[in-house]
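Given the sequences, and given the hints that come with them, work out the whole structure.
This note's numbering numbers the first residue of the sequence shown as 1148 and each following residue consecutively.
It is worth saying that the hints were derived from the structure and are not from the lab. We put the beta carbon where it would ideally sit given N, CA and C, even for glycine. It is possible that some hints are incorrect.
Result set (SDA-like, lysine to any residue): computed pairs, CA atoms no more than 20 angstroms apart in a straight line [what the hints assert, rightly or not]:
#1 Lys1175 <-> Trp1194
#2 Lys1204 <-> Ala1192
#3 Lys1219 <-> Ala1192
The calculated label-pair distances, taken between Cβ atoms and stated as ranges, are [claimed, not checked]:
#4 Lys1180 <-> Thr1202: 34 to 40 angstroms
#5 Met1188 <-> Leu1209: 15 to 21 angstroms
#6 Lys1175 <-> Glu1223: 33 to 39 angstroms
#7 Val1233 <-> Met1188: 16 to 22 angstroms
#8 Asp1218 <-> Ala1179: 16 to 22 angstroms
#9 Asp1218 <-> Lys1180: 16 to 22 angstroms
#10 Gly1203 <-> Glu1181: 30 to 36 angstroms
#11 Gly1184 <-> Val1212: 28 to 34 angstroms
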Amino acid sequence: VVEAFADPLTWFKSEQGPISGKTYDVAKIDLAKEFPGACAMCSFAGWGKVSFARTGKCSDDLKYVYISIHDKNDCEREYCGDYDNVFCAQHFPRIASIER
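If you want it as structure tokens, here you go:
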């Protein structure tokens, strides 16, 4: 389940620049220099699709989710594939399949 932030940012088109009379609270976040380690708790935010449907629309509200990073061996046990630039994670309230 992805939840909306309590105070979503106002949507504006960057090619138009700031809109007179509006205020924006935007901050630059540097890219990570390495992948998070196993068992790390991470939060992700964005305006991406909110369903798996091909025609699913993107959210107008900034959404976020907290996830737990899995050990690479756990991913292999779940047959998730072996990719150098991908990490395996799940929404933290859910229990891992190995504990079911």
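Need the list of violated hint numbers for this structure, in ascending order. 3, 11
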